[in-house]
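When you get a sec, could you build the whole thing from the sequences and use the hints?
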Amino acid sequence: MKAKFLVPLLLFFGLAGFLAFGLTLNPREVPSPLIDKPAPKFSLARLDAPEQQFTLESMRGEVWLLNVWASWCVACRQEHPLLVRMARDKVVPVVGLNYKEVRGDGAINARGLSLEAETSMAIERARRWLSDHGDPYQVSVMDIDGRVGIDFGVYGVPETFLIDREGRIRYKHIGPITPDSLQNVLMPKIEELRRAG
Amino acid sequence: MPVDRAHPATRRLLAALALGLAATVFVPVPGVAAEPEPEVAEAVAADPQLEADAMELSHKLRCLVCQNQSIAESNAPLAVDLRNQVREQLAAGKNKDDVVDYLVERYGDFVLYEPPFKASTLLLWLGPAVLLFGGAGWLAYRLRRRSVEVAADKGLSATDRARARALLDSAGAQETESPESRS
Chain A
0 MKAKFLVPLL LFFGLAGFLA FGLTLNPREV PSPLIDKPAP KFSLARLDAP EQQFTLESMR
60 GEVWLLNVWA SWCVACRQEH PLLVRMARDK VVPVVGLNYK EVRGDGAINA RGLSLEAETS
120 MAIERARRWL SDHGDPYQVS VMDIDGRVGI DFGVYGVPET FLIDREGRIR YKHIGPITPD
180 SLQNVLMPKI EELRRAG
Chain B
0 MPVDRAHPAT RRLLAALALG LAATVFVPVP GVAAEPEPEV AEAVAADPQL EADAMELSHK
60 LRCLVCQNQS IAESNAPLAV DLRNQVREQL AAGKNKDDVV DYLVERYGDF VLYEPPFKAS
120 TLLLWLGPAV LLFGGAGWLA YRLRRRSVEV AADKGLSATD RARARALLDS AGAQETESPE
180 SRS
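So the sequence lines, in the order shown, correspond to chains A and B.
Note that numbering that gives the first Met the number 0 gives residue 186 to position 187 of the first sequence, counting from 1, and the numbers run on in steps of one.
Note that numbering that gives the first Met the number 0 gives residue 177 to position 178 of the second sequence, counting from 1, and the numbers run on in steps of one.
Just so you know, these hints were derived from the structure itself, not from any lab.
Some hints could be false.
Derived, one-sided and incomplete: chain B residues facing chain A with beta-carbon distance under 7 Å [to be verified]:
(1) LEU63
(2) VAL79
(3) ASP80
(4) ARG105
(5) TYR106
(6) GLY107
(7) PHE109
Glycine included, every Cβ here is placed at the ideal spot set by N, Cα and C.
Here it is in structure tokens:
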């Protein structure tokens, strides 16, 4: 009972502890409710062959990454060399989801554009960007209006989803992939999923 | 601004620049009516009732890009997309709960300004009440105990009183003995 005067001090340390922990959290990283759920189905035109559609089914049986990108996305340039290196070393198949290539670009007023005009503009811009910076994608698909992005809960670019053999989302990486996050977070998860068969 | 994950430092710099620019542009001039706010959202639905419903719902949904704004208030491209989704789905005959579920399935409870009541939010919902009633209960207990203690306190015993008197007297005597040494 003698140490009663310490109670406010301990309460203060408890509160300070909670607040200090809060400072280490990043409120910009919103946890995805889609983890361990089947990836939303979609069918989108391929960037390399727009007359062909790409669906999740074609990746069944593989552990792969879905990387959300756009040519207007500045942070994508940060992770792009790493993706190119990963593709060269055949680390893991990466499918690109080109997100709102034209209407996402704040510099373009896409409101007056017809969907056809917007699509051809998007294809041209996205192809040029990939030829300038290197194409790390097994295939890239065009999410012109960002609808598939919404289905995946995309709220910024870049984002990367790790998808398992059964087509379930197992992990979501928010923001550019760094060598550190690749080595310490993504690769262990990829290897675990591969082992799981 | 496009939804883009530029480096935080760049973002802060841009934000600071934008603020500075805004401050120079929007200095209020006394006597001159302020510019009307730029349009908050482009009204799309033709049916005014539907539009009102969509906007009412949009005010309850958090924008994931500008997290302190609802999707009704934010002009982030994603907020515009989500507003359109809300409108489209309401127009397609879905009720509000369906639309909310649609967004929660994709973005999680984070999109809701009012968190749902469930096991993981129990502390959030009940914590303040627990603190309030716990504090009030503790205070009531302390007050009651104190009145009992005061009632039980019969004051000093005769021997204690004599000792105290003796101590006070001797201290007073010391003080009168050598007052200069204290100054």
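Original post:
Is the interface hint for VAL79 (chain B) satisfied, with its Cβ closer than 7 Å to some Cβ of chain A?
Top reply: violated (10 Å)
Original post:
Does PHE109 (chain B) pass the interface check with chain A, least Cβ-Cβ distance below 7 Å?
Top reply: Hint on PHE109 (chain B): holds, closest Cβ of chain A at ~5 Å, below 7 Å.
Subject >> Per-residue hint verdict: GLY107 (chain B), partner chain A, C-beta under 7 Å >> reply: holds (4 Å)
Original post:
Quick one, is the ASP80 (chain B) hint okay against chain A at 7 Å, beta carbons?
Top reply: OK, holds: ASP80 (chain B) within 7 Å of chain A, min 6 Å.
Original post:
For the hint on LEU63 (chain B), does the least C-beta distance to chain A fall short of 7 Å?
Top reply: Because about 4 Å separates LEU63 (chain B) from the closest Cβ in chain A, which is inside the 7 Å limit, the hint holds.
**OP:** Let me know if the C-beta of TYR106 (chain B) comes in closer than 7 Å to any C-beta of chain A, holds or violated.
**Re:** Because about 5 Å separates TYR106 (chain B) from the closest Cβ in chain A, which is inside the 7 Å limit, the hint holds.
**OP:** Would you check whether ARG105 (chain B) satisfies its interface hint, that is, whether its CB is within less than 7 Å of any CB in chain A?
**Re:** The hint holds - ARG105 (chain B) has a Cβ within 7 Å of chain A, the shortest such distance being about 4 Å.
Hint compliance for this structure: hint 2 alone is broken.
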